[in-house]
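The task is simple: from the sequences and hints, build the whole structure.
First to last, the sequence lines map onto chains S and G.
Just so it is clear: in the first sequence, position 236 is 235 by numbering that gives the first Met the number 0, and no numbers are missing.
Just so it is clear: in the second sequence, position 202 is 201 by numbering that gives the first Met the number 0, and no numbers are missing.
The set of hints was computed from the structure by calculation and includes no laboratory data.
Just so you know, not all the hints are guaranteed correct.
What the simulated footprint calls covered on chain G by chain S, stretch by stretch (three residues with Cβ under 8 Å from a Cβ of chain S suffice, anywhere in the stretch; the number is not a length) [as the list claims (entries may be wrong)]:
(1) 111-117
(2) 230-241
(3) 282-294
Cβ-Cβ distance ranges computed for the label pairs, FRET-style [as the list claims (entries may be wrong)]:
(4) G:68 with S:35: 43 to 49 Å
(5) S:57 with G:120: 17 to 23 Å
(6) S:190 with G:64: 40 to 46 Å
(7) G:295 with S:364: 29 to 35 Å
(8) S:41 with G:287: 41 to 47 Å
(9) S:332 with G:150: 46 to 52 Å
Please read all numbers here as calculations on a predicted model, not as lab measurements.
All residues carry an ideal CB built from backbone N, CA and C; glycine is no exception.
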Amino acid sequence: MATEVVASSVAADDKRAAASHTPLLRREVLGPAAEAVVIPFGALVVSLLLFGGFVALAGVNPLDVYSYMVLGSVGSWFSIQNTLTRASPLILTALCTALPAQAGLMIIGGEGAFVVGGLAAIVAGLPLAGAAPAFAVQLVMAAVGMVAGALWIALAGALRHWRGVNETISTLLLTYIGIAILNHLVEGVLRDPASLNKPSGYPLPDADMIANIPGMDVHWGLVYGIVFCVFAYILFFHTTFGFSARMVGGNPRAARLAGLPVGRLVLIVTAIAGAAGGLAGMVEIAAVQGRASATLAAGYGYTGILVAFLARQNPIAVIPVALLFGGINASGGLLQRRLDLPDATVLVLQGIIFVVILASETLFGRFRIFRAKEN
Amino acid sequence: MAGLGIGWWGVPLAVAAGAVRAGTPFLFVSLGELLTEKSGRINLGLEGTLVMGAMSGYGTAYLTGSPWLGVLVAGVTGSLFGALHAGLCSLPRVNDIAVGIALMLFGTGLAFYLGKPLIQPQAPSLPAIQLGWWSDVAPVRDALKINTLFIVGALLAPALLWALRSTRWGMIVRIAGDSADAARAMGYSVNWVRLAATVTGGFLAGIGGSFLSLYYPGSWNEGLSSGQGITAVALVIFARWSPMNCFYASLLFGGASALGPALQSVGVTSGYYLFNAAPYFLTLLIMVLTTSSEHRLSGAPSELSITR
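And the structure:
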C-alpha cells in the first residue's frame, strides 16, 4: 500500500515536471536554496542601510563608513589577511551554535567553550613546551582544548536531556563561570610575575606557536576551521548519525518513538560543538595571544552565535558568513581611527544585523518565485 | 574596608546588606520577566535591556542632575526594547528565544556605543534611607542604608501577585500565557496582550539597570552588568512564576553576589573571582535540582516555549 502511494506520487511528480517543462531540480531544490541566500542577503543590505542611518545620527557620513568598511576588510592585501585572521575563530565558534541547532538545541555558550578550551590548552602546553617538538605540543594542546570545550558544552547537553535544564540559559551561565575560572587562574597560580600591569599567564615559546600559512600573514587556524566545517557538514548531512541527530531536532518525540538514542545523540552533538569552540580558544592562544589573560574572552563566542544564525545553522554556509564578519571586525579599527567612532560601533552593527536577520525569518515561504509550481 | 571594626562578623553582615543592595536589580528584572513569561513569551533580551537602562539612566541623571528622572528614562528605554521584542515576536515564524539573544547583543552593543562619553563623568546617585542611625558601628550603619528602589520593588512583588491573581488584566495575561486559543476565543488579541506584558516587563528591567548605575555600584562602565539579566531570567524559573518567590530568590542571589566583596573586605582575596561567580554557580545548581525532564514544571505558563 505505502509503496504504491509513493510510486504513484512519484509518477505524478514526473508527469507534473514533464508537463510544466521545468526539470525537478530547478525549482524544488534550487528554489529553497536560493531563498536561503536571497533573504539573508536582503536582510544584510537592510541592516547596512539602518546602520548608515544610525551613524548619520552621530554626525558621520554613512558613505564614508561604507567605504572605510570596504577598505578595512578587502581594500588591501593587509586588510584581506586581517579579515581572514579574524574570521578563523568565528568559523569555529559559529559551529558551537550551529551544530546543536541541527539537533534542536539553542546553545549560546560558545564564549565559555572558547575560554575554557584556550585555558586548558595552555595549561597542558606549557609543561611540554621545549621538552617536545612543536608539532607534538600543538597536537596535545589542540586535543586538550577540544576535550575541555567538549565536556563544557556536553555538560549543558546532559543537563538538558536528563534534568530538563534549559540549555540556552545554562550555557550562558557556564560562560560566566568559565570566565571567572580564567580570571582566577590568571591572577593566581598561572600568573607570570613578569606581567605587571595586565596580569597574564606564562607565555608559550615562539617556537611552539602555530605557524602562518606559507606566503600569508594568516595562521593555520583558518584551515582548521574550514576542515572542521567540512567534517561537520559530511557528518550531519551525509551519515546516518547526522540524519538521526537532525531528526531529534525536527521532532524529538518521533525520534524517540523510532528508537533513536536521543540522550546519546544530544551528548555527542553538544560534545562536537564544544570541541569546535574549544579548538577556537586553543588557536587563539597558540596562534595569536601566546598566553592566557582576561583578553581571551574578547567576544568571539557571541559573534559566533550571530554567524550561525545568518548561516541558517548550516556548517558550510558558516564559512562565507564568518569571512563577512571577519571583514566587519577587521574594518572596526579603521572606523575608530579615521572617523573617531567608538570601538562598540562594530557591536552595534552586529546587533542590527542580528535583529534584522531574525525579523527576515518571517519572509520565508512568502515569495512565490522560490516555490515549486502547484498544479 | 567595611568589616574593619567588627572583624569576621562583617561577612554575614555584608552578605545580608548585599542581599538587599545587590538583590534589587535581580528583583526588578525578575518581576519584569515574570510578567512577560506569564503572558506566554520569554524575553532573554533583558540582559541587554538592563545594560541599556543602566546607561540611559546614568546619562539622564548626569545631564539633568536628577537621578529620579534617570530612573524614569531607564524604564522608558526598557519599554522600547520590550516593544521591539514583542513586535518582532509577533511576526509569524520568528522565535522569541532567538530574538532575545539578538536583543541581548544589540542592547549591550548600543549601550557601550552611546555610553562611551559617560565613563568619566560622575552622575548624582539615588538617595538612601538611613535606618542605622541608632548604631555607632560603621558597617552596621552601612548595612542598614536601604535604597528607596528596594522598597518600591519589595512592594511591587505582592502588588504584582495581587494584580495577576485578582484583577481582570491579570486574568487576561494569564489566559494569553496558558492558552493562546482560549484568549483568542474570548476576543483578546494575544499579540497585544503580550506586547503590553513585554513592554511593562522591559520597563521594570530598565529600572533594575538604573539601580546598578545610579546606586550600587553607582557608576557607568562596560563591565557593570555581567549576567545579572540572564540570572534573573533563570531566577523566574526557580521561583516557579510566583512574584513572592521572586522576591525571596532575589535576596538569595543578592547575598550570593555580595559574598566575594564581603570576603575581600576581611582580607580573603584569593578566591575573589570564584566567589564573584557564586550567583551563576547557584543558579545552575538550583536549575539542576529543581527542574525535571519528565514532567512539566508546576506553575509554568503552558504557552512558554522554554518549558515545552
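Results of checking the hints against the structure:
1. Residue count for the stretch 111-117 of chain G with a Cβ under 8 Å from a Cβ of chain S: 3. That meets the three needed, and the coverage hint holds.
2. With 4 residues having a beta carbon nearer than 8 Å to a beta carbon of chain S, the stretch 230-241 of chain G meets the requirement of three or more and the stated coverage holds.
3. For the stretch 282-294 of chain G, the assignment as covered by chain S holds, since 8 residues bring a beta-carbon within under 8 Å of that chain's beta-carbons and 3 suffice.
4. Against the hinted window of 43 to 49 Å, the Cβ-Cβ separation of residue 68 of chain G and residue 35 of chain S comes to about 47 Å, which satisfies the hint.
5. Between residue 57 of chain S and residue 120 of chain G the C-beta distance comes to about 19 Å, which sits within the given range of 17 to 23 Å.
6. For residue 190 of chain S and residue 64 of chain G, the Cβ-Cβ distance of about 43 Å falls inside the hinted range of 40 to 46 Å, so the restraint holds.
7. At roughly 31 Å, the beta-carbon separation of residue 295 of chain G and residue 364 of chain S lies within the given 29 to 35 Å, and the hint holds.
8. Between residue 41 of chain S and residue 287 of chain G the C-beta distance comes to about 42 Å, which sits within the given range of 41 to 47 Å.
9. Remark: the range hint 46 to 52 Å for residue 332 of chain S to residue 150 of chain G is upheld by a beta-carbon distance near 47 Å.
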